[in-house]
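J.: Protein chains in written order, with the working numbering: chain A, 1 to 425; chain B, 1001 to 1251.
Not one of these hints is a red herring.
Restraint-style ranges between C-beta atoms, simulated for each label pair: (1) A:N17 with B:D1126: 30 to 36 Å; (2) B:G1121 with A:N411: 19 to 25 Å; (3) A:Y389 with B:A1180: 56 to 62 Å.
Part of the chain B face toward chain A, derived, beta carbon under 8 Å: (4) N1058; (5) S1087; (6) R1090; (7) N1102; (8) I1104; (9) L1115; (10) A1118; (11) Y1119; (12) A1120.
Computed footprint of chain B on chain A; a stretch qualifies when at least three of its residues, placed anywhere within it, have a C-beta under 8 Å from a C-beta of chain B: (13) 2-14; (14) 343-356.
To be clear, the hints were calculated from the coordinates, so they are not data collected in a lab. Please read all numbers here as calculations on a predicted model, not as lab measurements. Glycine residues also receive a C-beta, built at the ideal position from the N, C-alpha and C atoms.
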Amino acid sequence: MNIGESTRFAVQGVTSNKMRSALTTLGILIGVAAVIILVAVGTGSSKAVADSISRLGSNTLTVSSSSTTGGGRGGPRQPAVGGAGATASPNSGTKTRANQLTMADAQALTDKAAAPDVLGVAPVVSASSVTATYSGASHSVGTFTGSTSTYLLIDNDTVATGSPFTDTDYSEHRRVALLGVTVAKDLAGGDGTSIVGKTVAFNGKQFTVLGILTAKGSTGPQDQDDRVVAPATAVQDTLAGYGSLSSISVKAASSSTTSAAQSEVEAILDGRHHVTAADRDYSVFNSAALLSAATSSNATFTVLLGAVAAISLLVGGIGVMNIMLVTVTERTREIGIRKAIGAGKGDIVSQFLLEAVMLSLFGGIVGVVAGLIGSRFTIVGVQPVVAPYSVVLAFGVAIAVGLFFGLYPANRAATLRPIDALRHE
Amino acid sequence: MSAAAAPRPVIELTGVTKTYGTGDTVVHAVAGVDLVVERGDYVAVMGASGSGKSTLMNIIGCLDAPTRGRYRLDGVDVRRRAEATLSRIRNRKIGFIFQNFNLIPRTSALRNVELPLAYAGIGAADRRERALEALARVGLTDRAGHLPSQLSGGQQQRVAVARAIVTNPVLLLADEPTGALDSHSTEDVLALFDQLSLAGRTLVVITHEADVARRAKRIVRMRDGLILSDERVAPLAGEPVGPRAQAELAS
Ligand SMILES: Nc1ncnc2c1ncn2[C@@H]1O[C@H](COP(=O)(O)OP(=O)(O)O)[C@@H](O)[C@H]1O
Ligand SMILES: [Mg+2]
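All chains, please: the whole structure from these sequences, using the hints.
T.: Next comes the structure, spelled out in structure tokens:
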């Protein structure tokens, strides 16, 4: 007998008890959908973390002084590790003894011989509590950064409208500024582009707007476009004073040399500040190291979610086996009749195996659809990202589960002696 | 082929026994039976309940193996055959008719009749044509699409007869075919058997009803697993009793 004929018998078997087939299918459906959605949640949360870290630049290092208290507003999106410096109380004597980061420190890091893996260095000064005013509108600037043109490179910044400031702007102490989208919109209204070329007052100091920075979006509560970037020289002249730097941004030649660059930066600064690893008065934040740590912990999380989901798929498979055993028992007499009129062992096996696979196949298909639909919604604050492998895996396992758990009942049906099967009441 | 020159018997049972259980509880369901059924014969096997009729039919139908003895079906020794071979033999050589019809539920009459052909690997179009032909022979062409649950007992049994004859088997084997039918349906089925016998089919009908047995050409009586008597009531080559009796009744 051909496979088409067996398929028809199997379809008949599945459809003869629709409610039961639907419930059995539901078990597989839930398992498959759970695998897809939970792996997507895991992948989505990995991606969210990786994205926010890589937005810092995957091969950037941020050197910040342990004793500077930025007041939360200073520095280029001061990384959380800044809290490590909390051991030195801002008001204690250690503050005065601690060396601040200086322009000279930043200059030292550009030494190609001592730091061959460093590609670029940007000193960062920041001004806090800056209010911008422009033709009647005013805006409290989230982050006001003074740096060099290299900073834009290190921070992966581009200018959407207008042009960036240049090294000449820096050396000439020109009062020019680049605005974040939020600041520009708030001051000028509309899309904010009308402000380019105009003069804006920051705490009363006049700056000409050179351009508007490309939007970065927000990570969590922090709006990354609520900022102003200007040449450090002009910022020191007007808003920040000539004290210490709030941080130094360093770009490594590539992400693979970030760790080497970190060692070089530490060696240079340790020498200049006369400290050792034990009593450092500054800290270096390495985004690549954080990324790999976060990625590996997220991978574990994804595997755990996947494992939980896989168990539900297994339970669904046991449901298929259970129902197939019931079906075989219920239809023992039918099996006897079929054998009496000439059905071979293979005919019976293929009929019941196909029936089991059909249940799991249908559950698998609907489960994939449900999983893909479910993954479109934000789940516990995470936008799931469907991993193609999880779809293939879940679907494949669903079919395999049908085959595996259908085999025993099908075989049991096929090995029934016709005489015993016919006597069955 | 050589059937005309030396017709080989359809059934040849030699010293066949079937015992169930062991030791004190042993039951000799068939205690040693020799039986030869020639092609074209119409044999009724009679006996009280428990006399071993069904056990004998299961052996003849290759559904069960004898404990001892030899059995040749259509000249082929069927002892110790693999299950796959036996299912092929049942498919090609035997048509079963059971007391409780044994149609596949939720499956139309036509599909039920097609089933043996499907297991024989015959293509869909050919299968359908032959199944419709068989249904026509039992007078149920108009019921082809009906499910067993939509048919009367007599109609179901006629569908079962159609299913039994659709493969052109050498032997039709019926176990109490009228046991679950009223007298009217019984007459329908027996008339069908008469026709099939007239057409040259070989029939073995197991029954405990004398009225049913009387229609056959030969009556074998069993008791306690043994053949008690073997009586020919009509010539092998002649017509079965049924039509003749009816003709006499009519004249
Ligand atoms: N599977 C079995 N196990 C044990 N004893 C059986 C079995 N089948 C039939 N028998 C016994 O064999 C004898 C003959 O049974 P059976 O062939 O069904 O008789 P009949 O069909 O003539 O009524 C009975 O005594 C019955 O109890
Ligand atoms: Mg019986």
